[in-house]
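Combine the two chains into a complex, taking the hints into account.
Heads up: the protein sequence lines correspond to chains A and B, in order. The working numbering puts the first residue of the first sequence at 4, with every later residue one more than the last. The working numbering puts the first residue of the second sequence at 28, with every later residue one more than the last.
No wet-lab data here; the hints were simulated from the structure. Take the hints with a grain of salt, since some may be wrong.
[What the hints assert, rightly or not] Only pairs whose alpha carbons sit at most 25 Å apart, straight line, appear in this in silico DSS-like list of lysine-lysine: (1) B:Lys-134 <-> A:Lys-39; (2) A:Lys-43 <-> A:Lys-12; (3) A:Lys-56 <-> A:Lys-43; (4) A:Lys-12 <-> A:Lys-44; (5) B:Lys-134 <-> A:Lys-41; (6) B:Lys-134 <-> A:Lys-12; (7) A:Lys-25 <-> A:Lys-41; (8) A:Lys-44 <-> B:Lys-134; (9) B:Lys-131 <-> A:Lys-44; (10) A:Lys-39 <-> B:Lys-131.
Values in this document were obtained by computation on a predicted structure and should not be read as measured data.
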Amino acid sequence: DTEVTQTPKHLVMGMTNKKSLKCEQHMGHRAMYWYKQKAKKPPELMFVYSYEKLSINESVPSRFSPECPNSSLLNLHLHALQPEDSALYLCASSQAGTSGRSDTQYFGPGTRLTVL
Amino acid sequence: AQSVTQLGSHVSVSEGALVLLRCNYSSSVPPYLFWYVQYPNQGLQLLLKYTSAATLVKGINGFEAEFKKSETSFHLTKPSAHMSDAAEYFCAVKGSQGNLIFGKGTKLSVKP
Chain A
4 DTEVTQTPKH
14 LVMGMTNKKS
24 LKCEQHMGHR
34 AMYWYKQKAK
44 KPPELMFVYS
54 YEKLSINESV
64 PSRFSPECPN
74 SSLLNLHLHA
84 LQPEDSALYL
94 CASSQAGTSG
104 RSDTQYFGPG
114 TRLTVL
Chain B
28 AQSVTQLGSH
38 VSVSEGALVL
48 LRCNYSSSVP
58 PYLFWYVQYP
68 NQGLQLLLKY
78 TSAATLVKGI
88 NGFEAEFKKS
98 ETSFHLTKPS
108 AHMSDAAEYF
118 CAVKGSQGNL
128 IFGKGTKLSV
138 KP
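Bound-form chain B, shown alone (with noise of 0.2 Å):
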């Protein structure tokens, strides 16, 4: 089965500081990865996947994740926040059946 975990429930940053937001994935075959971003009463918004043609994945947003399968790990980080990136991350995992399976979360503040 497929999991994901996020490490950390809210990350506060100062606006220009770099960006890492920690996702460790669980999976019995090659994962798919995804991000993705929600802001306030907003639907969810992709920002990049991995699916396995490159370890450096960019995104929108100047954001950009890579893939370490020795550390089953999918960090995104961004290398200065914006006042504007302030919302909530849900790393995913694609399931045996097509499904998405989200992480908790993480929020992400950017103080002035």
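The shape of chain A in the complex, shown without the other chains (with noise of 0.2 Å):
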């Protein structure tokens, strides 16, 4: 099974909520990506954890906080979004952690986030 799911699927939030987008992966994999997707573009990283410690933050502004609870799950809590933060937010994961270069990273389906 090389599954990775994601939910919610869809959120709408409004600039002052707090939300958060769960990622869930039962491969045993080391490593979690969080990326974000804006229409058209290629996938651009934002978060990876390996090992269950944060390991890459690519500068990515404050009001995105990723959190690893344990090896299965990854969230990323939102709050004070802007408009030009809806985009689609994919998780990922992969087998060997961060050194494994030529481990196969597994997309989930993405949350499609809104921001009004």
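Right under this line is the structure:
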């Protein structure tokens, strides 16, 4: 099973709301990733967790706050977002942590976020 | 630093025709290269990957890609396009920190 699940599928929020995106995998993977994808653009890396520790933060604004409660779960907490943050948020996982350069990243279906 | 360039943001072929999507890479170390497909409003699905084991890589759905070091290329091909192949295709290279660095994508349209 190579499934990464993400909830919710769609999310609409106001600029003053607090919401969270959830990602889960049960493949025993030790690295998990958050990507942001704007329309007609490639995914852009936001955060990487390797062995449950934050290893990469691509200068993402603090209104995005990642959390990795355990090796199977990855959250992205959202607060005071701007309309330009509307995008598809993709989660991915890979087996051996960020040192596994040939490892495949498996992507979830994404959460379509709209900020009003 | 690693990077990939996809030539052609939009490719249109007729059903049954050859599909050729171009990707060139730049890397100071032996690259690990990937092709992903994305259908509308969905996540990315791996088509195939190059990890130096073989230069001709076969993937899912009849796609294959050939790694050519002399041309720094990793073009994606399929002998006969099907309507269901219409999607966005991304070439990617593994970065030094294990992250994927994507090209800008090529949208494939298939005409009946």
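*asked:* For each hint given before, does the structure comply? Return the numbers of the non-compliant ones in rising order.
replied: 3
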